[in-house]
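Novice: Spelled out from the first residue to the last, the chains are:
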Amino acid sequence: MKRKAMSRTERKALADTLVFTLPAVVMVILAMYIPFVMSGYYSLTEWNGISRNPVFIGLENFKTIFSSGSPEFIRALIFTFKYSALFILFSNVLALALAVALTQRFRLANFLRGVFFVPYIMSMTIVGFIWKFIFTQGFEKLYEITGWGFWNYSWLGDGGLAFYSLVLVGVWQSLGFYIVLYIAGLQAIPTDILEAASIDGASAGKRFFSVVLPMLGPSITTCIFMSLTNSLKVFDIILALTKGGPGGATYSATLDIYREAFQNNNYGLGSAKAIVFFVIVLVLTQVVLRFFESREVEQ
Amino acid sequence: MNTRTRKKLGHIAFVCVITLLAALYIYPIYLMVINSMKPFKEVLTNVLGLPTKLALENYAYVIEKMDYFRLFLNNVVITIIGIAGIVVFSSMAAYVLDRRQTKCTRLIHTLIITPMLIPFQTIMITLLKFMNTIHLNGTTWGLGIQYWGFGIPMATFIYFNFMKSIPREIDESAMIDSATTFQTYGMIIFPLLKTVTATVVVLDVMWIWNDFLLPLLMVNSSPSSKTLVLAAYNFVGSLNTKWHYALAAMVLAVLPSVVVFILLQRYIVEGVVAGAVKG
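These protein sequences, in sequence, are chains A and B.
Counting from 0, one number per residue, gives the positions in the first sequence under numbering that gives the first Met the number 0.
Counting from 0, one number per residue, gives the positions in the second sequence under numbering that gives the first Met the number 0.
Simulated from the structure, these hints should not be mistaken for laboratory data.
Mixed in with the good hints there might be a few duds.
As the list claims (entries may be wrong) - Label pairs and their computed distance ranges (CB to CB):
| hint | chain 1 | residue 1 | chain 2 | residue 2 | range |
| --- | --- | --- | --- | --- | --- |
| 1 | B | THR240 | A | ARG51 | 24 to 32 Å |
| 2 | A | SER50 | B | THR44 | 52 to 60 Å |
| 3 | B | CYS15 | A | LYS81 | 49 to 57 Å |
| 4 | A | ILE73 | B | LYS193 | 44 to 52 Å |
| 5 | A | ILE73 | B | GLU168 | 56 to 64 Å |
| 6 | B | TYR60 | A | ALA96 | 36 to 44 Å |
| 7 | B | CYS15 | A | SER293 | 23 to 31 Å |
| 8 | A | VAL18 | B | TYR29 | 38 to 46 Å |
| 9 | B | GLU168 | A | ALA195 | 36 to 44 Å |
| 10 | B | LYS64 | A | GLY156 | 24 to 32 Å |
| 11 | A | LYS81 | B | THR113 | 23 to 31 Å |
| 12 | B | THR132 | A | ALA96 | 33 to 41 Å |
| 13 | A | ILE188 | B | THR44 | 31 to 39 Å |
To be verified - Listed below are the simulated DSS-like cross-link pairs for lysine-lysine, each with C-alpha atoms no more than 30 Å apart in a straight line:
| hint | chain 1 | residue 1 | chain 2 | residue 2 |
| --- | --- | --- | --- | --- |
| 14 | B | LYS102 | B | LYS193 |
| 15 | A | LYS232 | A | LYS62 |
| 16 | B | LYS40 | B | LYS52 |
| 17 | B | LYS193 | A | LYS11 |
| 18 | B | LYS102 | A | LYS11 |
| 19 | B | LYS40 | B | LYS6 |
| 20 | A | LYS242 | B | LYS128 |
| 21 | B | LYS64 | B | LYS52 |
| 22 | B | LYS241 | B | LYS40 |
| 23 | B | LYS64 | A | LYS205 |
| 24 | A | LYS62 | B | LYS163 |
| 25 | B | LYS40 | A | LYS242 |
| 26 | A | LYS62 | A | LYS242 |
| 27 | A | LYS81 | A | LYS242 |
| 28 | A | LYS232 | A | LYS242 |
| 29 | A | LYS81 | A | LYS62 |
| 30 | A | LYS242 | B | LYS52 |
| 31 | A | LYS232 | B | LYS128 |
| 32 | B | LYS193 | B | LYS52 |
| 33 | A | LYS242 | B | LYS241 |
| 34 | B | LYS64 | B | LYS193 |
| 35 | A | LYS11 | B | LYS163 |
| 36 | B | LYS40 | A | LYS140 |
| 37 | A | LYS242 | A | LYS140 |
| 38 | A | LYS140 | B | LYS241 |
| 39 | A | LYS205 | B | LYS7 |
| 40 | A | LYS232 | A | LYS81 |
Predicted, not measured: the structure shown is a model, and the values here were computed from it.
A virtual CB, placed ideally from N, CA and C, is assigned to each residue, including glycine.
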């Protein structure tokens, strides 16, 4: 075996590499890798967080999750998928429509972009509380004034309606974010292409669907991807608005993991749910990312 | 009517509609603000109208009860510690990872950025236990330090992609003048990263300042280390239907972000867009 002795400069280069990357590596290991590996281990145990030693039970927790032993997690997953589907649909369609409107030339355009962005800089918890106030006090007053029964529905007290209320609040909070992303995408489209389409006699609608939309490919991929990852992890606004109620109808996957661990003190089962959630998020996001990237037109 | 006036009228109608939509959009925020300045009874009887008399004592009560300035300071400390570590450690790592492309650096690169795929909720249970063990929970500085590990993967990713655009000749000429790697990084490279540092700072300030779940797990049981959003959550939760106080607390909780946004709107929007496109 031939082994080259490291030269002085090589040794120095290696030392530099280690010194420069060590803080980042150590912090990431402490904050992410160690807890991740621990989650993997605890998912195979039964542990209430109080007793000294977790009891190793193999794959029991995973069997519990996928058999009838834990219907609430499956229910929470279905809630999360439904929430994500509506969130992705509404935030992207509305954001794109508003982005098109706000890229027209008029004096207030810049100011209005700022207006739509304001909820995004607020904490989601506070946004949840704002809407709790609107859904209760505000809607009550609107009902008094208009007499429309619609205002008097139990927007947070009925499981089915509470779901739509949460979608509304979620979309309201982050719409500004997707608007600015779509605006950036729209502004990157070369104007001469649009002019050429106009000259060829394409109507505004035709220009949008056959020229603008295909050229927005990368923006659409980014926005779909971001809205997917954000909605799958929905947590704060639910805690502020419904706390998972009424009757557990609005538990998301993340809120269910939180409840299992910190309220039911089932750290083992909670960890197993966390691992299942991780796999689902990973697979879904990668599949969606590949799908949309493959559909982007070459530019 | 000729086509020109019709076009003009159409434009005016369009501007009216979009302005109305925007007004409707922030109407909930307007309602929060005006009701936070009303006496208790008026919030219940006259939600939509302007206050008949300003009840600023709501704010005095909340500022005192919540210990607002203390919370504000906590948030500032946590955010500054978090941002400083993320910016320095990520840019340092990205610098050598880009300049020395060996098997070893590629491995380290993968090691640092892969955790971007791990949702926080996957590790939160064991994180709490582990942070207990290494005594990083329960304090503002401990919480600030925890953000390093969560922010570094994405920040390193963004810095690394930008580093390619800085020509190597720049650091080579510095090396000829016998500057150490650290001097080259600190005096030459880091200042050139200004725009991308701005992106990282915008993204991470918005995240850390408004974060809820990590403070809930780490500092909820230590009153002196709470963050603004966490304290507002507890405070509003404890008030039940005393909306006049709750709303004042909510306004105070979002006020700093809104003020900063109004002052730095352009930079914030640019940072958010750049971060999303690169991330």
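Novice: If a hint holds in the structure, say so; if it does not, say that too.
Specialist: Checked hints:
{"no.": "1", "hint": "THR240(B) with ARG51(A): 24 to 32 Å", "in the structure": "44 Å, violated"}
{"no.": "2", "hint": "SER50(A) with THR44(B): 52 to 60 Å", "in the structure": "54 Å, holds"}
{"no.": "3", "hint": "CYS15(B) with LYS81(A): 49 to 57 Å", "in the structure": "36 Å, violated"}
{"no.": "4", "hint": "ILE73(A) with LYS193(B): 44 to 52 Å", "in the structure": "49 Å, holds"}
{"no.": "5", "hint": "ILE73(A) with GLU168(B): 56 to 64 Å", "in the structure": "59 Å, holds"}
{"no.": "6", "hint": "TYR60(B) with ALA96(A): 36 to 44 Å", "in the structure": "43 Å, holds"}
{"no.": "7", "hint": "CYS15(B) with SER293(A): 23 to 31 Å", "in the structure": "42 Å, violated"}
{"no.": "8", "hint": "VAL18(A) with TYR29(B): 38 to 46 Å", "in the structure": "53 Å, violated"}
{"no.": "9", "hint": "GLU168(B) with ALA195(A): 36 to 44 Å", "in the structure": "41 Å, holds"}
{"no.": "10", "hint": "LYS64(B) with GLY156(A): 24 to 32 Å", "in the structure": "29 Å, holds"}
{"no.": "11", "hint": "LYS81(A) with THR113(B): 23 to 31 Å", "in the structure": "30 Å, holds"}
{"no.": "12", "hint": "THR132(B) with ALA96(A): 33 to 41 Å", "in the structure": "50 Å, violated"}
{"no.": "13", "hint": "ILE188(A) with THR44(B): 31 to 39 Å", "in the structure": "52 Å, violated"}
{"no.": "14", "hint": "LYS102(B) with LYS193(B)", "in the structure": "29 Å, holds"}
{"no.": "15", "hint": "LYS232(A) with LYS62(A)", "in the structure": "23 Å, holds"}
{"no.": "16", "hint": "LYS40(B) with LYS52(B)", "in the structure": "12 Å, holds"}
{"no.": "17", "hint": "LYS193(B) with LYS11(A)", "in the structure": "28 Å, holds"}
{"no.": "18", "hint": "LYS102(B) with LYS11(A)", "in the structure": "17 Å, holds"}
{"no.": "19", "hint": "LYS40(B) with LYS6(B)", "in the structure": "50 Å, violated"}
{"no.": "20", "hint": "LYS242(A) with LYS128(B)", "in the structure": "24 Å, holds"}
{"no.": "21", "hint": "LYS64(B) with LYS52(B)", "in the structure": "23 Å, holds"}
{"no.": "22", "hint": "LYS241(B) with LYS40(B)", "in the structure": "10 Å, holds"}
{"no.": "23", "hint": "LYS64(B) with LYS205(A)", "in the structure": "59 Å, violated"}
{"no.": "24", "hint": "LYS62(A) with LYS163(B)", "in the structure": "48 Å, violated"}
{"no.": "25", "hint": "LYS40(B) with LYS242(A)", "in the structure": "27 Å, holds"}
{"no.": "26", "hint": "LYS62(A) with LYS242(A)", "in the structure": "27 Å, holds"}
{"no.": "27", "hint": "LYS81(A) with LYS242(A)", "in the structure": "18 Å, holds"}
{"no.": "28", "hint": "LYS232(A) with LYS242(A)", "in the structure": "15 Å, holds"}
{"no.": "29", "hint": "LYS81(A) with LYS62(A)", "in the structure": "24 Å, holds"}
{"no.": "30", "hint": "LYS242(A) with LYS52(B)", "in the structure": "35 Å, violated"}
{"no.": "31", "hint": "LYS232(A) with LYS128(B)", "in the structure": "21 Å, holds"}
{"no.": "32", "hint": "LYS193(B) with LYS52(B)", "in the structure": "48 Å, violated"}
{"no.": "33", "hint": "LYS242(A) with LYS241(B)", "in the structure": "19 Å, holds"}
{"no.": "34", "hint": "LYS64(B) with LYS193(B)", "in the structure": "41 Å, violated"}
{"no.": "35", "hint": "LYS11(A) with LYS163(B)", "in the structure": "22 Å, holds"}
{"no.": "36", "hint": "LYS40(B) with LYS140(A)", "in the structure": "14 Å, holds"}
{"no.": "37", "hint": "LYS242(A) with LYS140(A)", "in the structure": "24 Å, holds"}
{"no.": "38", "hint": "LYS140(A) with LYS241(B)", "in the structure": "17 Å, holds"}
{"no.": "39", "hint": "LYS205(A) with LYS7(B)", "in the structure": "22 Å, holds"}
{"no.": "40", "hint": "LYS232(A) with LYS81(A)", "in the structure": "13 Å, holds"}
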